[in-house]
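> For the record, the sequence lines run as chains V and E.
Each residue of the first sequence is one higher than the last, beginning at 215 in the numbering used here.
Each residue of the second sequence is one higher than the last, beginning at -4 in the numbering used here.
One or more hints might be untrue.
Claimed, not checked - Computed beta-carbon distance windows for the label pairs:
1. 231/E with 302/V: 42 to 52 angstroms
2. 260/E with 332/V: 37 to 47 angstroms
3. 371/E with 370/V: 33 to 43 angstroms
4. 310/V with 260/E: 27 to 37 angstroms
5. 266/E with 332/V: 12 to 22 angstroms
What the hints assert, rightly or not - To give an idea of the interface, some chain E residues facing chain V are shown, with a C-beta separation under 7 angstroms as derived from the structure:
6. 181
7. 323
8. 327
9. 330
10. 343
11. 354
FYI, nobody ran anything at the bench for these hints, they're computed from the structure.
Even glycine gets a Cβ: it sits at the ideal position worked out from N, Cα and C.
Residue strings, one per chain:
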Amino acid sequence: MSLAPHDSALSIAAHAHSILLVEDDLEIALNISRDLSRRGYSISHTATAQDGLAQARRGAFDLMIVDRMLDDIDGLTILETMRAEAMSKPVLVLSAMGGSEERVKGLRAGGDDYLIKPFDPEELVARIEALLRRSSSARETSLQVGPLKLDLIERSAWRDQREIDLLPREFKLLEYLMRHRDQVVTRAMLLEDIWQYKFVPETNLVDVHIGKLRRKIDGPGEPPMVLSVRRAGFMLSAPA
Amino acid sequence: MRLPELFRTSIFRLTAFFALGSAASSLILFGFIYWQTAVYEKGRITRLLMQEADIITSEPTDRIKQDVETNLAGDFHRATFAALFDAKGEYLVGNLSVIPKGLPSDGKVHDIYVDRNDDAFDVFENILAVARPLPDHGTLIIGRSIVELQNLRTIVTRSLLLGVFPAAILAILAGVGLSLRTQRRIVAANQTVARIMRGNLRERLPVKGTSDDFDRLTISVNRMLDEIERLVNQIRGVTDNIAHDLRTPLTRMHTRLIATRNESRDPNDIDDVVDRALTDLNLTLGIITALLRISEIEDGRRRAAFAILDMSDVVQTVADLYEPIAEEKNLEFDLDMSVTAQVRGDRELLIEAVANLVDNAIKYTPAGGKVCVRSFQDDRGAVVIRVADSGTGIPQSEYDAVFQRFYRSRATRHIQGHGLGLSLVQAIAHLHNFAIQISDGRPGAIFDLVCQIQSEQSAA
């Protein structure tokens, strides 16, 4: 059931999205660039806020990653300037400052997501994917992934003709996975977005929840749809 | 000590001011007494002289001469002046040889200086006198010495000089003495403070034991120093613990990485070593994150973001997350939130606190046991969120210790964790003015989060 990293699943969506990376630590920047370009993104990197802002103004990118502690200035000031100049491209803020106050500050400045250093490359990629695809979440009344159908009005779930009996929390989890179909979602993303949990507990909370959901979605003999992605998280996909 | 420094002390200034003030008030008082006495005495003498003049002048002319003589003869104090002059101003009888200049013959009393014409003395003195014209155009002069008033003035002045000024000087000397004494204590205190600032936290300011104001100040400063020393030692202890708890996984990592570099070339081995190194690394990062979170919470700034929220919503969210975990571990999970409270707080943090308690309860309860989360009102009306389990429980002797950073009960040390969960819970409870209490569940442990009710909190 589990897929190795660098597998098709991780690079499907990355058709040459370009990412602007503003990060002053060269080793971290190099690692991020390597991880992302391996997955098909094109990266342009600058080390200072000034260059970062200049490039942002040129606008030749789909998503920006900005570090908070740059040599010259707090990365958030670039973000604030961008938002003030009505540049609406998604921005992911990186920071070693992990306090929730700092996170709120980052999101308030106009960041779309806030990732605390150090992080797994898989976490970064999953969040980039989520940000790049976010725009499609309109006000649907139902969601469909392959044979799986979710009625958001009646709060019912079907796999082909089989109705699946879900607890409210399982329904929320499935809805989230379906909205992020074919994307890797990490444990931290699930905790933050579904349960508003801003800390990662010591227990394997998310795995237990996913396990319970999986047993209901993937019946005996049915091809699996809820996949575990090793070292990264989970993904919902239509059976091949 | 240099003198100018002494004069600048508050005690010296106070005594100097006081001495000056009391001298001035004595001066005013004495002056007033003298002035009142003089006014009264002059009035009395004036009235007497007028009466006497009236009586004498109403008599026949030949009797007047006799009256003057009788008057003078009976005056043993030599305070009386009387004299008669004829129409041409020639001396007839009495102890004034001429009509004094400055004494008009107008029948009114005047304050003048005269030469007394006396056999024994020749005295120039201050008198009150009246000159009355007589029917035969002669002049009668009657007067009374007011030298007593002058004497009184002299006495008053002397008293002032002999009494008030030495007293003032004494006061100033006392001021100097007192300031010297205070100054010595301040110098001693300053030296102690300097030693404390150089890092000797065990030093205390000297206390004289007189329980004066300075002593009281010193004692409360010393108490503050006790508290600071306690906190510094506590921080030192925590720092040692942090160093130890971080060093353990880092050392494991270090040893394994070195061994792998030196020996193993098998890719499977290397994968395994990297995975285990990452686990240890994540443990250390987890410790750092938890520590930063605790200090962030203890800072108290988060109170600014408090909002009214429902505790049952908080508990429900946690139960939603943890119920499947309990099921998975074959534990009975019992939730009863029939009593709820509206509190002012931070939803995210309260969820974290309750989640930590539930997480612990599940972690420390063996399969087949029971974890129970319920709410009730205690006898003081506060709403209590109770997390109880049927696990190993906590010995009473460890009730306080479990909240200390990095403390892990001996009985549970084998279960994975960094020993910061309950410190975090306690920090969150303190931030909200909630209490956290442990009791024995026989079997198992009971954790009570005592929530202040909203009205109480706003009154506090």
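> Could you work out which of the previously given hints the structure breaks and list their numbers from low to high?
Hints 2, 6, 8 and 9 are the ones this structure does not satisfy, whereas the remaining hints hold.
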